[in-house]
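Asker: First to last, the sequence lines map onto chains A and B.
Heads up: the first sequence begins at 66 in this note's numbering, then just goes up one per residue.
Heads up: the second sequence begins at 2 in this note's numbering, then just goes up one per residue.
Incorrect hints may appear among the rest.
[Said to hold, decoys possible] Far from chain B, by Cβ distances over 12 angstroms, these chain A residues were calculated:
no., residue
1, G80
2, T126
3, Y227
4, R231
5, V290
6, L376
7, P408
8, D410
9, V417
10, E429
11, E433
12, G440
[Stated by the list, open to error] Straight-line distance between alpha carbons at most 30 angstroms, and here's what the computed DSBU-like set of lysine-lysine pairs gives:
no., chain 1, residue 1, chain 2, residue 2
13, A, K270, A, K256
14, B, K56, A, K413
15, A, K413, B, K247
16, B, K247, B, K56
17, A, K413, B, K83
18, A, K413, A, K453
Treat the hints as calculated values from the structure; they're not laboratory data.
By construction, the Cβ of each residue, glycine as well, lies at the ideal position given by its N, Cα and C atoms.
Spelled out, the chains give:
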Amino acid sequence: MAQAEAAEVVLRLDGITKRFGPLVANNAIGFELRKGEVIALLGENGAGKTTLMNILFGHYTADEGTVEVFGQTLPPGHPRAALAAGVGMVHQHFTLADNMTVLENILLGTRPLLSPRLDARAARVKVARLSEDFGLSVHPDARVGTLSVGERQRVEILKALYRDARILILDEPTAVLTPQESSALFGTLRKAVAQGLSVIFISHKLGEVMEISSRVLVLRHGKLVGEVATADTDRQKLAEMMVGAEIAAPRLAEREPGPPLLTLSNVDTPRRGNAPGLSAVNLTLRAGQITGLAGVSGNGQAALAALIGGLERPVQGGMELHGDVPTDWSPRAALAAGIARIPEDRHKTGTVSDFTLTENAVLESYAEAPYSRTGWMDWRAAEDFARKIIETYDVRCPGPSARIRLLSGGNMQKLILGRVLEANPKIILANQPVRGLDIGAVTFVQNRLIAARDDGAAVLLISEDLDEVMALSDVIHVIYEGHLSPAFKRGTMSPAELGQWMAGHGFGGGAHAA
Amino acid sequence: MRLEPIPNPSALRSIGLPAGALVLTVIVASALALLAGANPFATLGLILKGAAGSKFALLETLNRATPLIFTGLAIAVAFRAKLWNIGAEAQLYAGAIVTALLGTGILPLPSALLIPVIALAAMLAGALILLGPVLLKTRLGVDEVVTTLLFNFIMLLFVSYLLEGPMKDPMGMGWPKSPALEKAARLPRIVDGLRLHWGFALALLSAVAVWVIQTRTTLGYEIRAVGLNAEAARFAGIPVGRVMVKTALLSGGLAALAGFSEVAGLKGNLTLDLSPGFGYTGIIVAMLALLNPLGVVVSAIFVAGVFVGADSMSRAAGVPTYIADILMATALLTMVLALKLTRTRIRWR
Numbered sequence: 066m067a068q069a070e071a072a073e074v075v076l077r078l079d080g081i082t083k084r085f086g087p088l089v090a091n092n093a094i095g096f097e098l099r100k101g102e103v104i105a106l107l108g109e110n111g112a113g114k115t116t117l118m119n120i121l122f123g124h125y126t127a128d129e130g131t132v133e134v135f136g137q138t139l140p141p142g143h144p145r146a147a148l149a150a151g152v153g154m155v156h157q158h159f160t161l162a163d164n165m166t167v168l169e170n171i172l173l174g175t176r177p178l179l180s181p182r183l184d185a186r187a188a189r190v191k192v193a194r195l196s197e198d199f200g201l202s203v204h205p206d207a208r209v210g211t212l213s214v215g216e217r218q219r220v221e222i223l224k225a226l227y228r229d230a231r232i233l234i235l236d237e238p239t240a241v242l243t244p245q246e247s248s249a250l251f252g253t254l255r256k257a258v259a260q261g262l263s264v265i266f267i268s269h270k271l272g273e274v275m276e277i278s279s280r281v282l283v284l285r286h287g288k289l290v291g292e293v294a295t296a297d298t299d300r301q302k303l304a305e306m307m308v309g310a311e312i313a314a315p316r317l318a319e320r321e322p323g324p325p326l327l328t329l330s331n332v333d334t335p336r337r338g339n340a341p342g343l344s345a346v347n348l349t350l351r352a353g354q355i356t357g358l359a360g361v362s363g364n365g366q367a368a369l370a371a372l373i374g375g376l377e378r379p380v381q382g383g384m385e386l387h388g389d390v391p392t393d394w395s396p397r398a399a400l401a402a403g404i405a406r407i408p409e410d411r412h413k414t415g416t417v418s419d420f421t422l423t424e425n426a427v428l429e430s431y432a433e434a435p436y437s438r439t440g441w442m443d444w445r446a447a448e449d450f451a452r453k454i455i456e457t458y459d460v461r462c463p464g465p466s467a468r469i470r471l472l473s474g475g476n477m478q479k480l481i482l483g484r485v486l487e488a489n490p491k492i493i494l495a496n497q498p499v500r501g502l503d504i505g506a507v508t509f510v511q512n513r514l515i516a517a518r519d520d521g522a523a524v525l526l527i528s529e530d531l532d533e534v535m536a537l538s539d540v541i542h543v544i545y546e547g548h549l550s551p552a553f554k555r556g557t558m559s560p561a562e563l564g565q566w567m568a569g570h571g572f573g574g575g576a577h578a579a
Numbered sequence: 002m003r004l005e006p007i008p009n010p011s012a013l014r015s016i017g018l019p020a021g022a023l024v025l026t027v028i029v030a031s032a033l034a035l036l037a038g039a040n041p042f043a044t045l046g047l048i049l050k051g052a053a054g055s056k057f058a059l060l061e062t063l064n065r066a067t068p069l070i071f072t073g074l075a076i077a078v079a080f081r082a083k084l085w086n087i088g089a090e091a092q093l094y095a096g097a098i099v100t101a102l103l104g105t106g107i108l109p110l111p112s113a114l115l116i117p118v119i120a121l122a123a124m125l126a127g128a129l130i131l132l133g134p135v136l137l138k139t140r141l142g143v144d145e146v147v148t149t150l151l152f153n154f155i156m157l158l159f160v161s162y163l164l165e166g167p168m169k170d171p172m173g174m175g176w177p178k179s180p181a182l183e184k185a186a187r188l189p190r191i192v193d194g195l196r197l198h199w200g201f202a203l204a205l206l207s208a209v210a211v212w213v214i215q216t217r218t219t220l221g222y223e224i225r226a227v228g229l230n231a232e233a234a235r236f237a238g239i240p241v242g243r244v245m246v247k248t249a250l251l252s253g254g255l256a257a258l259a260g261f262s263e264v265a266g267l268k269g270n271l272t273l274d275l276s277p278g279f280g281y282t283g284i285i286v287a288m289l290a291l292l293n294p295l296g297v298v299v300s301a302i303f304v305a306g307v308f309v310g311a312d313s314m315s316r317a318a319g320v321p322t323y324i325a326d327i328l329m330a331t332a333l334l335t336m337v338l339a340l341k342l343t344r345t346r347i348r349w350r
């Protein structure tokens, strides 16, 4: 965008510094956003993106530096000031009331609490016009609770536009969307920019950043380490700027799959709260093969992981492990059957935060020799095991007796990886194994999974990142509302085709019955 | 307002803040003494003297600390697993009933055998009292705070029934008390002529045993894992329900030992006023000790000292003994806050 050079500066951050104790979350960050452009804020987890946006929005007060919107300096620490100045934010986790309609949600907070009546008519007209102008189709009288994730995001954007936002900030907006929904979102953003709005797009997905932005700002360890025009760069260069080092993408060598190790036939599991259960699922995990599970978050991935992890039993259908039907099914039984489980949430399910690395290392094997003999713990043996993991899996930590809560997500994940892989498992359940990790840790974890596959393990890789699933899987299933698609061989489906399945096309009423 | 954790608090912080809490407690006590028209320095001096000023006072404090160590341990064990046992009072009385029943000559055993048998039976009774609430919790999700708390009242009424009916001492001249324990069932004094019985030694031994269980055994590891993160424990294959039940048995057993040691060591029979709320005060003891079993010994002696000291001060200075309750409450609140603040910094925007 050549004319961007001349366009008016709508937002200026100058020398923003924020410290949390010894940690410098933002170190003298400054940039400008011009009218009618999309800039991408790129950085790994913990690089300081969210802190910066919280400062812009007045949730945090910067230790140094100023925020200027349309030439006016914002008073620090006043969330309403940014809103009033025309900055709108769409958070990663939506802030909508499920039991209210779209229109009510949009109006919420825009008028005095005790106003005698809602002037709904004028509002309805305005919302309709905004929907039209920006390609944000949602029914104003639909209850938010009944909407899809993509539709809810449109409501969030409408909410910001209704408040006359001239600057839109989107925090990881595509994390919960199908590829089709993402491209619809990009369409909306392009329309917004064409009408003179400015957008800050926060992401760590390089493909999207290349597609939508005109400039990219890269944050690393709280510092602004690069600012480039999108046209002058590529994914590889951006990734290297993000990490500060060269990185190699994981490679999957051709390999003949072995015998089936785990088979599910026609399995149903119960619904848990809002999470759908499995419905007539057929799945075969073979030795020496990575099976990828693609799908939009909340479509039954949790149910499948719970089933294979031993937390859930089928209400119908059969499960075969190494050719046998397990008689009892529990986490212990799953462990005994050689299933390694990398849980989705490493803070809540994978580790005990206030336990040391040693105590966490034996969380699954504490009851067996050499760690436990006749009811007594052998802490020396446990510590040796922890040391071995720390060394083999390159866990950066103060030592085995440090509490695990002090570790970064990546190092926590490496400890979990070591804990489950050291037992040479036959079957590996990897649920979102690299979510939230920095690129170095991502590569490490992915290569370990590939190495296990090469050694003959059957791997089930559950991920909401379609690129990851496509890069690592020998076969791919798509999960949608508890139903499983047929198995697609590596390279036979395009992202767009898989995206169709992720949106539910192809599953048609019972026609997919195997 | 934001709370930020401090990974390595300075020595000034970790000593100064708890010391400050003590100072604050003393100031509150002084103010109360002034309010009651007494000289605050004299009042505090009298409390200190009453708690530890003489051999007699000190032994009295240790005697009073004995049941508090047991109930404090019972609470510390349970709270460690996030099992909120508020019913130590009921479990204490269960132990006391069994002691009063078995100690009146129905078991023809020598003392060296009789006392351990009674102690084990008492522990079993206390454990069974807690078994119901914990099974309701693990099986049906019933809140154990409510069930264990209500058990206290059921138990007190049951004791009242026993003392007016089947267990009433025929020689008691109408008083609601059980017959006196036979000599063989009484806990002897540690040193002849001094009023401190073997219950205190048993309490110290129990504290060490609980500490060993928590840090060295597989069960202790399971209890801590379940308490810190039940979801991760369940995922890792730790049988959460079974661990809860084992914790409850241990906790109920420990609380019952308080009743056993009060009846067999101090009182010699069962009365309705056997416990002036030892089960509840055990919660304060355990919280002050940050649930550390060895710390429970220290905090139980401190709490007992305040009560014993306030009793004797009240007789001498005329300040009501309620000052002890207020002192306890102040000490607990300020100390818990101070210990929290050593590891946390408050930022005002």
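Asker: The structure should be examined with respect to each hint, and the outcome stated for every one.
Answerer: For each hint, the structure was consulted:
{"no.": "1", "hint": "G80", "verdict": "holds (20 angstroms)"}
{"no.": "2", "hint": "T126", "verdict": "violated (6 angstroms)"}
{"no.": "3", "hint": "Y227", "verdict": "holds (29 angstroms)"}
{"no.": "4", "hint": "R231", "verdict": "holds (27 angstroms)"}
{"no.": "5", "hint": "V290", "verdict": "holds (26 angstroms)"}
{"no.": "6", "hint": "L376", "verdict": "violated (7 angstroms)"}
{"no.": "7", "hint": "P408", "verdict": "violated (6 angstroms)"}
{"no.": "8", "hint": "D410", "verdict": "violated (9 angstroms)"}
{"no.": "9", "hint": "V417", "verdict": "violated (4 angstroms)"}
{"no.": "10", "hint": "E429", "verdict": "violated (5 angstroms)"}
{"no.": "11", "hint": "E433", "verdict": "violated (10 angstroms)"}
{"no.": "12", "hint": "G440", "verdict": "violated (5 angstroms)"}
{"no.": "13", "hint": "K270(A) - K256(A)", "verdict": "holds (22 angstroms)"}
{"no.": "14", "hint": "K56(B) - K413(A)", "verdict": "violated (53 angstroms)"}
{"no.": "15", "hint": "K413(A) - K247(B)", "verdict": "holds (24 angstroms)"}
{"no.": "16", "hint": "K247(B) - K56(B)", "verdict": "violated (40 angstroms)"}
{"no.": "17", "hint": "K413(A) - K83(B)", "verdict": "holds (16 angstroms)"}
{"no.": "18", "hint": "K413(A) - K453(A)", "verdict": "holds (24 angstroms)"}
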